[in-house]
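**Student:** So the chains spell out like this:
Protein chains: 2
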Amino acid sequence: MAPGLAVLLVGDRKDSSLYVELKKKTALKLGFNSFVVKLEEESSLEQILNHIDQFNKDTSVHGILVQLPLPKHIDPALVLRRVDVNKDVDGLHPQGAIFQPCTPKGCLELLDRSNIDVSGKDVVVLGRSRVVGLPLSLLLTKRNATVTLCHSRSQQVKQKAQRADILISACGVPELVRGDWIKPGAVVVDVGINHIPDHTKGSGYRIVGDVCFEEAYKVASHITPVPGGVGPMTIAMLMHNTWLSFITKVQDENSCK
Amino acid sequence: MAPGLAVLLVGDRKDSSLYVELKKKTALKLGFNSFVVKLEEESSLEQILNHIDQFNKDTSVHGILVQLPLPKHIDPALVLRRVDVNKDVDGLHPQGAIFQPCTPKGCLELLDRSNIDVSGKDVVVLGRSRVVGLPLSLLLTKRNATVTLCHSRSQQVKQKAQRADILISACGVPELVRGDWIKPGAVVVDVGINHIPDHTKGSGYRIVGDVCFEEAYKVASHITPVPGGVGPMTIAMLMHNTWLSFITKVQDENSCK
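Residue numbers (the working numbering), protein chains in the order written: chain A, 1 to 257; chain B, 1 to 257.
You may find that some hints are simply not true.
Computed beta-carbon distance windows for the label pairs [said to hold, decoys possible]:
1) A:Pro225 with B:Thr59: 58 to 66 Å
2) B:Lys218 with A:His73: 53 to 61 Å
3) B:His222 with A:Lys57: 50 to 58 Å
The hints are simulated quantities; they were obtained by calculation from the structure and are not laboratory data. Just so it is clear, the structure is predicted and the values come from calculations on it, not from any experiment. Cβ coordinates follow ideal geometry from the N, Cα and C atoms, glycine included.
Let the hints inform the model, and build the full structure from the sequences given.
**Tutor:** Here's what the structure looks like:
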């Protein structure tokens, strides 16, 4: 018996396909079972929910991940709510997730491993998404950080960023954060993964973060690169949550014997 | 048929007894049915949960409120979780409440009625309680405010408060916020209800907020008093949620006919 991770991909977005492939590879490398279901862009809500139901029932599946974003005609809340909360390893269940969401958890793990204590620190988070910004701000507050949560409607964001001991950007604006946004010695965590056109690349694009790394690394005491920083941590935390789900189930079964 | 509000009070704290009495009075004044159950301080978790179960089953009860704080030997999360989420008019269900929590909702209503738009404003919230500070900061963020959530471990709170367009204190420290904490023209919402000893009063105490009103009202453009500001709004919103629960049920029954 091994942990099983099921991933549901709807549509054929290149970035989503790549992430699903990376998750599958990592799962197999760890000796997990990997189940990937790919549905067409035009799939109905009912078809998607049917697959979720099958994963929910399947006792060899311990974690279920719905790759976001879903096509525009599908309400993600309806899909995420259908996932058995005990298998919701992405931590995105709208009604009280059990597992910590992967990207916020990955950011905290990065800080922990770098011995950066957030307690009492002024943290500015850029972006209020349900997947990253919002849950991350709550987790940071729980750890005694003082969080200012900025977003597209915030005023004077640069000045706010300049006051941060720890600046975390998860807003999806390519290279928004310049060197002069950063307090000297501050810690910078870049959650952004943005594709921008680049004709010098075979793919026609390159990937940049929300932070202008070339400028920022000269000012910050610690900084995460893109790619290679938070992204791999998200995948690692997904595996960790799947592992936690697996051992919880094994323990439950043993305690019932 | 009228809306029914059930209130459970455990122990005999004077302030809690007063709040329960005020809620009962308001309910009756509005023509609601009021059900108050008072249990002894020493009540077991099981006894408390039994009463919750009865309220859950009772079709004449549309709203259930557990008066907080509960005695120290009782885990409030276990009690709040037991409340039928459709009757959770206090909006405190740990796993995804349906109703907005009363005090945060009351604060927003106060701002709305005073034509104060929070969108794009810098809001500093003092206090990160599950009942007020945390949910209020999320509701404000949803309304496009830029929120800084401060708490007992925050540094340089005075300087942060001075930057606020809207300052909301819900930390339970008597008269913490002095006049010089407030940016001239800022809006001040005082959620604190603190009892401090006062030998000149027959009761032996008087009630003050988290804000030193005498100093603050000279600096702020708008300010709520204590008592008389947010407190009555909390009760009003409790009644509103109970009413919403009632009409939702009536509509559901009609649609089933």
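**Student:** Each hint needs a verdict: does it hold in this structure or not?
**Tutor:** Hints, verified against the model:
1. Distance hint check for Pro225 of chain A and Thr59 of chain B: the Cβ-Cβ separation is about 60 Å, which falls inside the suggested range of 58 to 66 Å.
2. The hint said 53 to 61 Å for the Cβ distance between Lys218 of chain B and His73 of chain A, and at roughly 56 Å that hint holds.
3. Separation of His222 of chain B from Lys57 of chain A is about 56 Å and conforms to the stated range, judged on CB atoms against 50 to 58 Å.
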